[in-house]
Amino acid sequence: MAERKFRVWRSDAENKDAGSFVDYTIDVDSGMVVLDAIHRIQAHQANDLAVRWNCKAGKCGSCSMEINGRPKLACMNRLNEYDPAETITVQPLKSFPIIKDLVTDVSWNFEQNQKIAPFKPKLPEADGQYRMKQADTDRVQEFRKCIECYLCQNVCHVLRDHQQKDNFVGPRFMIRLASLEMHPLDRADRIPQIRKEFGSGMCNITKCCTEVCPEHINITDNGIIPLKERVVDRYYDPVMWMWNKITGGDKQG
Amino acid sequence: MDVSELQTVEHDILVIGAGGAGLRAAIATAQQGKSTALVSKSLLGKAHTVMAEGGCAAALGNVDSRDSWEIHFRDTMRGGKFLNQWRMAELHAQQAPERVRELEEWGAVFDRTKDGLISQRNFGGHRYPRLAHVGDRTGLEMIRTLQDHGIHQGFDAYMECKILALLKDGDRIAGAVGLWRETGRFIVFKAAAVILATGGGGRAWRVTSNSWEYSGDGAAMAYQAGAELMDMEFTQFHPTGMIWPPSVRGILVTEGVRGDGGILLNNKNERFMFNYIPDRFASETADSEEEANRWLEGEEGARRPPELLTRDVVARSIRAEVEAGRGSPHGGAFLNIASRREPDFIRRKLPSMYHQFKELAEVDITKDPMEVGPTLHYFMGGIRVDSDSQQTLVPGLFACGECAAGMHGANRLGGNSLSDLLVFGKLAGDAAVEHVDKSSSKPATADAEIAAVVRNATDILNREDGKNPFLVHEDIQESMQQYVGIVRSKEDLETAIARMQELWDEVSRVKAHGSSQFNAGWHEALDLPCLLITAEAVARAGLLREESRGAHTRLDFEGEREEWGNYNIVVRKGADGMKVEKIERPPPPQKLAAIAQASLEELEKNG
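Chain order of the listed sequences is R and W. The opening position of the first sequence corresponds to residue 1 in this note's numbering, with each subsequent residue numbered one higher. The opening position of the second sequence corresponds to residue 1 in this note's numbering, with each subsequent residue numbered one higher.
In case anyone wonders, no lab produced these hints; they're calculated from the structure. Wrong hints could be hidden among the right ones.
[Claimed, not checked] In silico BS3-like cross-links for lysine-lysine, where the CA-CA straight-line distance does not exceed 30 Å:
hint, chain 1, residue 1, chain 2, residue 2
1, R, K120, R, K5
2, W, K358, R, K94
3, R, K207, R, K115
4, W, K467, R, K5
5, R, K245, R, K228
6, W, K358, R, K207
7, W, K190, W, K467
8, W, K114, R, K133
9, R, K115, R, K196
10, W, K114, R, K120
11, R, K16, W, K467
12, W, K511, R, K5
13, R, K5, W, K190
14, W, K114, R, K122
Model the full assembly from the supplied sequences, consistent with the hints where possible.
Structure below.
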């Protein structure tokens, strides 16, 4: 058992912009993660401390926060990653409005998801089965590992620094779109929507999203760039451009 | 207070809980045009289903064509030690394949066989490779598929809203009172049908794989509303939870590790499970390491390794090894897959286990064994429902998924939970729609009842002083861990029940400090009565069942007693406290009894 110091952002739900860091010192055990420390603070010193969590095993993506300035899942961030004398600073995600303490309003993400046209499957084969090769599903399965922690949304410059939430859905939903577009059974066309409404052109490939993904999804290279290429092929390829002019539009399939 | 000032919404159907069962039920009701409210304590997509790892059991027959619903049914009954509701096990085995294929139509991407079909993996108690899966993140795939499909079906999602109590109009259900966690304001739901899909109550134990949400809300609210609980003594201890370091104790290690070849060893490096094969499974289990190895290599005649015996058996065996001084350094067993499979295979089939151990325990499972031990994982018991409609004793109140009883009997097979959610989620939704269609008038809610619920909740904030709710929760956990654990006795259970009377006193005096907005202490305090009701039901039912069967093990009554095979235990609210009684099981339909008792050869021949 050793003592450790924490600085935790505390705020008031009535007055959401007002808040301050509060210092806590607690006893810690070996193997503890930051979420354990927050729970200990909550149980013994600050019962009303607001924090989201569920699985405590890196599977649900609820406990996203910024720890010493880095966006992380608190349940997978061990205390022994920091120097024992260091004060660990914990604050909410910066790209979303604070509700209280470490909890932010992430409802914007749910609104984006709602806008995405749902999966539209091909007809099954004669025996009623769908057949897909594992090799063809591998790349979609990579995207489907996403646990919706929104750490990628939090670090995306377009959303965080440029406040372009009206023009770009962010990396999380670009890879959700990629998971639909590259799904071997899907036959909906989302390319026009990806270009206009979802703003594929806004991403400038700095790959910050990929760096913070706790599921190690190659968001930029495997998801966003291929979607950008599909948009370019459709709208900016001179042959396709001419074809669309002749056939009257960008509708496909 | 003036109830008319509270936010009030009206729906045909209120679904409480948005894990797999709640989502599937809400999809069913919304698709049939019913105005549906889906309420969840967390954000959508974060419910406990997301943590399910190994897979979803359904006799698709994609990997071994000898499989059939009959054999799945037989495995389920044998795994449940014949205390399951026959009809539920039948419906489940019959309908699971259709429910899994439907998920594929909604966009789920399961791992594939060489022929491009949904792949299936081996699991404990399942005769054939039967679990549709996606690596070791099957639950995530299922909940995301249901969520992304569901949001286009037209239900209204009420996220981060805790339901405090059910409302009734005379005998029938009329709605519920909820609390918005963010604002601390109350909301009244009026509905002619309510579907409970709230999961189990594992947070009453200290070592558990369950998240904070698992406080037995559904079972407790149904109990308060006059429904019955059943099979509460059967709480599943998953044999393989992490045990080191202390802060991760209880986190699940999927059975898929063993399904994919992992073996259990004691500190003498012995594969001890060969010493614990029950008679009932002896003819179907390998009796030598050599045969088990041949099974792993895929040899058709070879029998399954004993590591894949049912969870109750494996959990007790690990405990027995520890008691005998043959445990691992931190009081468990070694689970080794590094010696059985190539690193690439392990990383591909068990990616989240790989990361979990690497990041939380600094163990590389492709090189070294894991240390594991039993962790409270699942409630077989729950709300007693009609097998076909999932309706409780309260007209208009339905229950499905883990919070409902009957499907799994005395022990659940791994993989049968995800399929349970889908099958009974849909059936509960269908039956609720039918109920609403048949209701001639809308039920009325009573203001006095609503006001009492609100007052009880706000009292916790308003009282001058009181107990710290987090510490009271720890007291409940200590008591359950110590006295209502994996092995039980009359003395221990009586101690637990006596302790609960003191704990009730503590729960009634908890105090939440701070404001009503997103106040963790207040939310914790509001969960405590539900936790304690379910915990007490487990202890009292456990005391009454004087035998050892499935997940319920009594030191003072070893082994299954034949006469107890004829009874389920039911818990209900009496005028002066909790009433527990055994009820006789009706004789099974002949056809089902024949399937359950048939030899595998017969079933395979007919299948």
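K16 of chain R paired with K467 of chain W [C-alpha distance capped at 30 Å] = holds (29 Å)
Taking only the CA atoms, is the gap from K114 of chain W to K120 of chain R under or equal to 30 Å?
-> holds (25 Å)
Does K511 of chain W pair with K5 of chain R here, judged by a C-alpha cut-off of 30 Å?
-> Distance ~27 Å between K511 of chain W and K5 of chain R Cα, so the pair holds.
Is the straight-line distance between the alpha-carbon of K467 of chain W and that of K5 of chain R 30 Å or less?
-> holds (26 Å)
Pairwise hint evaluation, K228 of chain R against K245 of chain R, where the allowed Cα distance is 30 Å at most = holds (21 Å)
Given the hint that K115 of chain R pairs with K196 of chain R, does the C-alpha gap stay at or below 30 Å?
-> Roughly 13 Å separates the two Cα atoms, so the pair holds.
Is K358 of chain W within 30 Å of K94 of chain R, Cα to Cα?
-> holds (29 Å)
Pair hint outcome, K190 of chain W versus K467 of chain W [Cα-Cα no greater than 30 Å] = violated (34 Å)
Is the Cα-Cα distance between K5 of chain R and K190 of chain W 30 Å or less?
-> Roughly 48 Å between the alpha carbons, so the hint for K5 of chain R and K190 of chain W is violated.
Below or equal to 30 Å on CA atoms is what counts here, so check K120 of chain R against K5 of chain R.
-> violated (52 Å)
Given the proposed pairing of K207 of chain R with K115 of chain R, does the C-alpha separation stay at or below 30 Å?
-> holds (24 Å)
Starting from K114 of chain W, check that the Cα of K133 of chain R is at most 30 Å away, please.
-> holds (7 Å)
Violated hints, in rising order: 1, 7, 13; the structure is consistent with all others.
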